[in-house]
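Trainee: Below, each chain spelled out in residue letters.
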Amino acid sequence: MEKGIKEGLYAFTIVLILVVLSFNVSLVFAQVKTGELIDANNWQKAADLLPPPVIEMLKTHGLVIKVGESKDYPFPSEFVEATKKYAGTAKLEDNLLGYQAGLPFPEINPKDPNAGIKIAWNYQYHCEPEQRYFPKATFVWNNKNGAIERTATLADRKLLYVGRTMTPPIPELPNPDGIIYKELLQLYDPKDVAGIGFLQIRYKSEKKDDDTWAYVPALRRVRRMSAAQRTDAYIGTDIAIEDFYGFSGKITEFDWKFITRKKVLAIRDTERQPATFGGPKYKWCPLDMPWQAREVNIVEVISKLKSHPYSKRIIYLDAQWADCFYSEIYDKKGEFWKLWIQPWYWWPQHRLFTYPASDMIDFQALHATTVPTICEPKGTYGPDMFTIDALEKVGR
Amino acid sequence: MGGKNWVLISVFIFGFIFENSASATIFLDGNRIEAEGILYHQSIWRSANLHHEYNYIQGRNQLDLKVLFHMVGENGYVKPFGIIDGIDLRLIGRGFYDSVYDVTNDWGSAGGFFSGHLENGIRNNIEKYVDLREAYVDIFMGPLALRVGKQQIVWGKTDFFRLLDIINPLDYSWHFFFESFDDIRIPQKMAKALLSVGDLGPFRDVSLEFVVNPRDFNSTNLGHFGMPWALAPAGFELYKKNKPFDEPQYGGRIQARIGGFSFTINDYYTFQQDPVFSLAKGALTYPRINVLGGAIDYYDNFSKSVLRLELTYVKDKKMGVDFTSPYLLEFLTNHPTGRAEKKEIKYCIGIDRPTWIRFLNQKQTFFLSGQLFMTHILDWEKAITDDGVPTRKRGHPIVTILTNTTYMNGRLTPQIYWTWDVQSRNSHIIGPSIQYLISNYFNVKLGSNLFWGQKKARYTYFGAYKDYDELYIRVQFNF
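Protein chains in written order, with my numbering: chain A, 991 to 1386; chain B, 2 to 480.
These are calculated hints, taken from the structure and not from any lab test. Bear in mind the structure is a predicted one, so any value in this text is a computation, not a measurement. A hint or two may mislead.
Unchecked claim - No farther apart than 16 Å at their CA atoms in a straight line, the calculated lysine to aspartate or glutamate pairs in the EDC-like style are these:
id: 1; chain 1: A; residue 1: Lys1294; chain 2: A; residue 2: Asp1245
id: 2; chain 1: A; residue 1: Lys1294; chain 2: A; residue 2: Glu1196
id: 3; chain 1: A; residue 1: Lys1181; chain 2: B; residue 2: Glu35
id: 4; chain 1: B; residue 1: Lys129; chain 2: B; residue 2: Asp103
id: 5; chain 1: B; residue 1: Lys305; chain 2: A; residue 2: Glu1026
id: 6; chain 1: A; residue 1: Lys1198; chain 2: A; residue 2: Asp1084
id: 7; chain 1: B; residue 1: Lys67; chain 2: B; residue 2: Asp89
id: 8; chain 1: A; residue 1: Lys1081; chain 2: A; residue 2: Asp1062
id: 9; chain 1: B; residue 1: Lys305; chain 2: A; residue 2: Glu1243
id: 10; chain 1: A; residue 1: Lys1240; chain 2: A; residue 2: Glu1196
id: 11; chain 1: B; residue 1: Lys67; chain 2: B; residue 2: Asp160
id: 12; chain 1: A; residue 1: Lys1198; chain 2: B; residue 2: Asp301
id: 13; chain 1: B; residue 1: Lys67; chain 2: B; residue 2: Glu35
id: 14; chain 1: A; residue 1: Lys1383; chain 2: B; residue 2: Glu210
id: 15; chain 1: B; residue 1: Lys383; chain 2: B; residue 2: Glu342
id: 16; chain 1: A; residue 1: Lys1181; chain 2: B; residue 2: Asp65
id: 17; chain 1: A; residue 1: Lys1383; chain 2: B; residue 2: Asp103
id: 18; chain 1: B; residue 1: Lys305; chain 2: A; residue 2: Glu1196
id: 19; chain 1: B; residue 1: Lys193; chain 2: B; residue 2: Glu35
id: 20; chain 1: B; residue 1: Lys244; chain 2: B; residue 2: Asp217
id: 21; chain 1: A; residue 1: Lys1383; chain 2: B; residue 2: Asp89
id: 22; chain 1: A; residue 1: Lys1197; chain 2: A; residue 2: Glu1083
id: 23; chain 1: A; residue 1: Lys1383; chain 2: B; residue 2: Asp86
id: 24; chain 1: A; residue 1: Lys1056; chain 2: A; residue 2: Asp1102
id: 25; chain 1: B; residue 1: Lys305; chain 2: A; residue 2: Asp1084
id: 26; chain 1: B; residue 1: Lys190; chain 2: B; residue 2: Asp139
id: 27; chain 1: A; residue 1: Lys1197; chain 2: B; residue 2: Asp301
Unchecked claim - Only part of the chain A face toward chain B is listed, based on derived beta-carbon distances under 10 Å:
id: 28; residue: Asp1167
id: 29; residue: Thr1202
id: 30; residue: Arg1210
id: 31; residue: Asp1222
Every residue, glycine too, gets a C-beta built ideally from N, C-alpha and C.
This is chain B alone, in the form it adopts within the complex (with noise of 0.2 Å):
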């Protein structure tokens, strides 16, 4: 490990300063002002099977800082007036440096499908960064609450792979889709608003929510070549953005409860996220969907289980072809532009159930927690790709299963995950880790991701990435 990690000291320095103090947030201004923040430190090692040698391929050095500003409200700078309850404005920010660019360009054993030199002029645009990550303002009228800014916005219930959640698109450069979707996605200028509408006949807290995407559009980030986690070949221009104003995205969700069921029912007209080539232009396109879906959870009595259930339908996902398979031609010949327009459905069921393991824990349960995710291309036809892996007419089914548990009152939470892409033969993810909290401030978190999986497997989102085996350790200090 070498580069700058000043970071890393300072969050030593930072915890051991505030260690005493009564509170974490920080008020100002008669407390109309809270700020708060994040700085941490995440180096990690890759190594393949973790027998070859282990190469530095991450030291990230973080730094979130977030002010909330009461403008409207009984504690705000301005009393409540009008049918304006309260008004808030929101700033976050973030800042990071990674320093492994300054201890190498070249990851060799370690690097990846697109690993290779990295160019300075990119080298110095992905090492650090500053950007105002989120700002939006916060405005309260009795039932309605309006958001307007950048930001991010969740829909859905389903965890490490998402259905519904589509409106921000992800950041998978500095770590694929390992570190929290709250980091990784990528806000929008968007505007939110959200109608609480109360008890309708049978249904009860039924709100409307309605959002609108004006001109930001971002695909999905999979890096630049060179980098330790680039996703795409060197030539590809893969970020894009500032739609004109006449292709906005909208759509919205009712959401309420019924018995003992809570359900949403969401629409949203956007764009596809990750690339699809066009021969007939020559480039990565990113055309129109409109993702219709829904989302229902119900709690079991005599399970005592939560079911989940998810759901998206899309009558006009664009896919790719399989420029591998033997039915290239046949394809080509009904599709000429490369692309064709196909009927998907994804579902995903889910359960959790918090579970007594007495003889491993006497105090906490186990939370246990397992999804089936099933993608379904209702006109399949051979030699297509769905965001880029080839596909198969029985469906894509992968399966997820996490356990946690916490010891010594809550400070020590060890946590394993397994990812299993069972349509690929032996592709699997376990993520076993375990996180200490030395203070209310400090945190420490001990993990590795493990792969199995065969590069050369044809219908496979992870066994490409067999030798990616990596240990991370993350130093965190909240304020």
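For reference, chain A alone in the conformation it holds in the complex (with noise of 0.2 Å):
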């Protein structure tokens, strides 16, 4: 066969493939049906499409489930056109090699004994704004009582160097360091936090840890962090610093097994944005949100590192945007620790989802933090808010 028909072809697979996956949410399930409640009453109609602890959560934390309507999100035009342009290009080494934009590994063989590392770096370069910014996100700290034990609250900016489909320069920014993202945040409340600003780095590199900055207020100047401690409390809050997102560690740290592929309810779309939070027992159940089928992988998550205090990950991700969806915690002892829900929120006009809100939640301590948030998915600053001397005017 010619080789031009051989890369037509190639080329027709990859958009095929992406846009079966953006169909997959169009079946209908027989144990659920559009706009039905699960509670605690009839969990046991949805007891094949929720992690275990999404069923507990129904059970016994007052958790109501709506079923929402199984919609379409058809990738941005120019994302499926960079995968197809790039397809081919990225190799599994030590890193992932030669990525340029687009999703790395659209097809994913179950049976490949890659897989699970395939989806991990499909998680690392999934679709997602190229800048990005909360004016507000608000951590609250729930305890089992129902009671709110302190908040706190941030705005937050990131922006992608590396995977740029929409926004120019693409498909990267001037990257001599081999940047993949800068973020920049800000905690503006409770007034013993206020003012602290954090510069964070990621770099292609895997060998190459985060470079991390704080502007302090109590100190009037900015202090080089060690980015080492991820699995450290962020703020006091019960997200380790690992755990946003459903994972931001770095990809090499971990072992990433595939374990397999189902239809899940999840939130993929809250329609508005902050999302809430609350429930009659604890104030950390989603509330008033569609809860939508999904095509997910499930990958398992084991740190190679034999001190790190989690003996492994469940990761859910979804299948066609490759976005997290859950992860569950389980401790030293293997037992079960923590789950983080990842609720999200679409954007039409952008063609893009971004973050309503975000919820960790301890089950053995039954603690949780919930991160009401309002996202936006474009922003309109450059790399020149990403540096030191931005940090200390931003931080006060």
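Assemble the dimeric complex from its two separately framed chains, guided by the hints.
Mentor: Spelled out as structure tokens, the structure:
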């Protein structure tokens, strides 16, 4: 077969796969119907469609699930084009080499021994806003008595350097240092943490740890931080730094094993932001959000470091968008410990998902940190905002 | 504890009123004005070795009120125009009242070196004070940011003791160096320009900073004779200000990153903030010096630590004489003015590492920080003193170690620090403390500062304070 025809068929296959994945949500489930409410009285109907901890939330935490209409969320055409253009260029070595833009591995064969790590890299480079801005994210400490212990509010900006498909320069910002992204965060409430700012740089090289600096108002200067302790609790919440977004560690520091692909109920689109939490007993249950059926890849993630506090993590990643819906965390004894629930919000005009909230529940301590968030998928800032002197300017 | 500690009650009242407020910062006039503040009460008791009688030495009630006006900006009274992206006006006012001066003016066994009867006139001036502590304008013009007014400017990377952080003098009068530097720096009327250059060849995040202080000068405030923390004897005028315009202080620094290193190169032409006695003038003097230095930090992947180095060089530091030295006559023969000009290097090597100690804390690391400070006088000679302390040829090392962690989802913070004046035998300060966040607005802190040393030791910064052991409690409301 001529070379040109071969390439054309390959590209068509890629597009077909992406299109089919976008329709994965259209199947009807016999067990549950659109508009149905699932709660402690009928959780059995959704037993095969939910992670075990979410079932526990139905049974004992007061969670009520409203089954929503399954909808299509097609990729932006630019992302599809980039995936097609750079198909086959990403190679698995000790690191991911040759990645440019789009989904690194649009085809995942469940029998591939590297299926897990390929899903991990798809997660790392999933389709997301290239300039993401939280003007307001509020961390809420919830205890088992239904009381709010304290809150903290921050603003956050993230700038993607690589994998850019929609905002020039494409596919990458000028990047001599091999940066994946930079993130600038500013706490502004409560007063004991107000004014603290963080600047983080994540690098392509898996051997290079993140660079992190903090502006500390009490010191009135920028302090270099160690980013090594990613399992440290973030400002005293239930969320370790590595837990954010379901997983935010370094991919190659873990072993990734593909478990299965199946359909689950997840909060694909909250249809509003910020999302809200509450419940008759515990105040950390997602409230009034439609849960849709989504095809997910379930992977087991185990640290290569014996000193890691987690024995494993089970992550549920959307098979199409490769973003995270759930992250189950198990302690060193192998007992279930924490659950991260990640709802999403769909911006039709931008054709992207952002975070309307996050939820980390410590099932052992019966304590949770909910994070209702307002997130915008576009920012008007550039690399000059993510510098140490800019950190000093936004800190106060 | 006596006196008018009504602020202590006010702290609790305000705390309960604001307890359920949605936000601690007060926004006014369509968010163009932000107001916030701190209201606290701190009581300190002193007892030598914590075994002898306890004497109340401080009942400080303080209110800091901060107001930020967004004059120009997207959220300002005026939208950005021309090259002006934003103009903010920030005002920080402080008022304090130390009730201890209504209780006593004679510290008895709790007195320090310079304790004694505090004259009414002086007492009235130091027991309460209201001041516009800082007042400055920030002007943002693209890569250039200007700050003009009464302000603090902070350089350097060290904790506990300062090397490059020399632009603002310190007020030791009410609690030595045990308070946050942010609290005890003396703001000066200055102008600062910060220019973001960006990437330059292999250097990243390059910025240039220029500072000028046209005429403000304050010496280190060592307190008045009679105060519990007085560090100077009676009869000396230690506070000096408002130099003429022809004696400005000025300097600048370059800041950048290269590879894994962040660094600054600094230079500042200023005055010595600690006095040097001049025989020729028969008075304390504050001579001119130039401080050249730099700081660098590096994150080490292998040890997972941040390594820091900071260094200053003064080629013309004026040093005084130890009048008790057997080499006094020799010194005065060489230096009839009673002062000698010396070359001094100071440096600090620091290491910071968040470390798991899981049997003590399953959820949070312990922040461990260690520093070694060293002072070398390159052309040392016998009988000279540096900052009032006799010196040795081999230098003067000081070690600091600090660790803290949090429990109860970040609400409980125990901390302990240790400083060791290596040159002086058994001269240490250990400071355990514990802070509890009652709510978003309320916190309480208990702690102590414990001294070991020998009062008569010659080469010591701390040993002389061995009877200054203290316990304190601080109740604070942030709004």
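Trainee: If a hint holds in the structure, say so; if it does not, say that too.
Mentor: Hint by hint, here is what the structure shows:
no., hint, verdict
1, Lys1294(A) <-> Asp1245(A), "holds, 7 Å"
2, Lys1294(A) <-> Glu1196(A), "holds, 13 Å"
3, Lys1181(A) <-> Glu35(B), "holds, 13 Å"
4, Lys129(B) <-> Asp103(B), "holds, 11 Å"
5, Lys305(B) <-> Glu1026(A), "violated, 51 Å"
6, Lys1198(A) <-> Asp1084(A), "holds, 13 Å"
7, Lys67(B) <-> Asp89(B), "holds, 13 Å"
8, Lys1081(A) <-> Asp1062(A), "violated, 30 Å"
9, Lys305(B) <-> Glu1243(A), "holds, 15 Å"
10, Lys1240(A) <-> Glu1196(A), "holds, 6 Å"
11, Lys67(B) <-> Asp160(B), "violated, 25 Å"
12, Lys1198(A) <-> Asp301(B), "holds, 10 Å"
13, Lys67(B) <-> Glu35(B), "holds, 8 Å"
14, Lys1383(A) <-> Glu210(B), "holds, 13 Å"
15, Lys383(B) <-> Glu342(B), "holds, 13 Å"
16, Lys1181(A) <-> Asp65(B), "holds, 13 Å"
17, Lys1383(A) <-> Asp103(B), "violated, 43 Å"
18, Lys305(B) <-> Glu1196(A), "holds, 15 Å"
19, Lys193(B) <-> Glu35(B), "violated, 23 Å"
20, Lys244(B) <-> Asp217(B), "holds, 6 Å"
21, Lys1383(A) <-> Asp89(B), "holds, 12 Å"
22, Lys1197(A) <-> Glu1083(A), "holds, 13 Å"
23, Lys1383(A) <-> Asp86(B), "holds, 13 Å"
24, Lys1056(A) <-> Asp1102(A), "violated, 36 Å"
25, Lys305(B) <-> Asp1084(A), "violated, 21 Å"
26, Lys190(B) <-> Asp139(B), "holds, 14 Å"
27, Lys1197(A) <-> Asp301(B), "holds, 12 Å"
28, Asp1167, "holds, 7 Å"
29, Thr1202, "holds, 8 Å"
30, Arg1210, "holds, 4 Å"
31, Asp1222, "holds, 5 Å"
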